[in-house]
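2 protein chains.
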Amino acid sequence: MILEVAIMKIKPELISKFEAVFPKAATISASTPGYISHELQRCVETRGKYFYMIRWESIEAHEVNFRQSPRRDEFRKLLGEFWAEPNFTEHFEPVTGDRI
Amino acid sequence: MILEVAIMKIKPELISKFEAVFPKAATISASTPGYISHELQRCVETRGKYFYMIRWESIEAHEVNFRQSPRRDEFRKLLGEFWAEPNFTEHFEPVTGDRI
Chain A
1 MILEVAIMKI KPELISKFEA VFPKAATISA STPGYISHEL QRCVETRGKY FYMIRWESIE
61 AHEVNFRQSP RRDEFRKLLG EFWAEPNFTE HFEPVTGDRI
Chain B
1 MILEVAIMKI KPELISKFEA VFPKAATISA STPGYISHEL QRCVETRGKY FYMIRWESIE
61 AHEVNFRQSP RRDEFRKLLG EFWAEPNFTE HFEPVTGDRI
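So the sequences go chain by chain: A and B. Residues in the first sequence are numbered consecutively from 1, following the numbering used here. Residues in the second sequence are numbered consecutively from 1, following the numbering used here.
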């Protein structure tokens, strides 16, 4: 399992509208083969900063099934106007031995 | 519920040792009143970068019950030697209407 973390910075005047439109965009990601689940997390300290965290079965599910499909454009068409700057995205893998 | 994300950057030569010692440090956080769960996530793109993500019942659980207790020093005593730079920590709250 892979965790994608996309840091989104939203234009301050569009925050309410972003949160209202987001669920529709999330359904586009969720329709991708290899999608597992997602969370949208709002930063407490920095207004307009969000972590969009998606669990994928593999990096390919995100990089190929999502990014190299029309879904990416549909997603951007819905959310692009809200972004104050380009998203910063990284992938993570769980450290499985992280507890005793 | 609050999500704490601590970004840890680990000295390259100490990565294996960090992952081996981490579970012991995690038990210190886990013993804090208000702790719910945690994940340690290893960045795929940047070697030595980790997201330590902890779910708390409230910000106070982290800020008071953990940070203003001897647990913080115990935690740092175990992991401090591995950090290449100070951790960057933020809190997030779930956007509950994030799906249709």
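If you are wondering where the hints come from, they were derived from the structure by calculation, not from laboratory data. Worth double-checking, as some hints may not be accurate.
Identical chains share a label here; the pair holds if one copy fits it or two copies do between them.
[Said to hold, decoys possible] Calculated lysine to aspartate or glutamate pairs in the EDC-like style (CA-CA distance at most 16 Å, straight line):
| # | residue 1 | residue 2 |
| --- | --- | --- |
| 1 | 77 | 57 |
| 2 | 17 | 81 |
| 3 | 24 | 98 |
| 4 | 49 | 98 |
| 5 | 9 | 85 |
| 6 | 49 | 81 |
| 7 | 49 | 85 |
| 8 | 17 | 98 |
| 9 | 24 | 39 |
| 10 | 49 | 63 |
| 11 | 24 | 74 |
| 12 | 9 | 19 |
| 13 | 9 | 60 |
| 14 | 49 | 93 |
| 15 | 17 | 63 |
Hints, one by one, checked against the model:
Within a single copy, residue 77 and residue 57 get their C-alpha atoms no closer than 25 Å, and across copies no closer than 36 Å, so neither meets the 16 Å cut-off. In this assembly of identical chains, the alpha carbons of residue 17 and residue 81 lie at most 16 Å apart only when taken from the same copy (10 Å versus 44 Å across copies). Taking the shortest alpha-carbon separations for residue 24 and residue 98, only the inter-copy value of 9 Å comes in at or below 16 Å, while the best intra-copy value is 35 Å. When the C-alpha separation of residue 49 and residue 98 is checked against a cutoff of 16 Å, the pair qualifies only between copies, where the shortest distance is 15 Å, while the shortest distance within a copy is 28 Å.
For the identical chains of this complex, residue 9 and residue 85 are intra-copy neighbours only, at 6 Å inside a copy versus 24 Å across copies, given an alpha-carbon limit of 16 Å. Taking the shortest alpha-carbon separations for residue 49 and residue 81, only the intra-copy value of 15 Å comes in at or below 16 Å, while the best inter-copy value is 31 Å. Taking the closest pair of Cα atoms, residue 49 and residue 85 come within 16 Å of each other only inside a single copy of the chain (11 Å); across copies the shortest separation is 23 Å, beyond that limit. Only between protomers do residue 17 and residue 98 lie at most 16 Å apart by alpha-carbon distance; the minimum there is 12 Å, versus 38 Å within a single protomer.
Taking the closest pair of Cα atoms, residue 24 and residue 39 come within 16 Å of each other only inside a single copy of the chain (14 Å); across copies the shortest separation is 28 Å, beyond that limit. Neither within a single protomer nor between protomers do residue 49 and residue 63 lie at most 16 Å apart by alpha-carbon distance, with minima of 23 Å and 21 Å respectively. When the C-alpha separation of residue 24 and residue 74 is checked against a cutoff of 16 Å, the pair qualifies only within one copy, where the shortest distance is 10 Å, while the shortest distance between copies is 45 Å. For the identical chains of this complex, residue 9 and residue 19 are intra-copy neighbours only, at 12 Å inside a copy versus 31 Å across copies, given an alpha-carbon limit of 16 Å.
Taking CA atoms no more than 16 Å apart as the test, residue 9 paired with residue 60 passes in neither setting, with 25 Å inside one copy and 26 Å between copies. When the C-alpha separation of residue 49 and residue 93 is checked against a cutoff of 16 Å, the pair qualifies only between copies, where the shortest distance is 11 Å, while the shortest distance within a copy is 23 Å. In this homomeric assembly, residue 17 and residue 63 never come within 16 Å of each other (Cα to Cα): the closest approach is 28 Å inside a single copy and 31 Å across copies.
The structure does not agree with the numbered hints 1, 10, 13, 15 stated previously, though it agrees with the rest.
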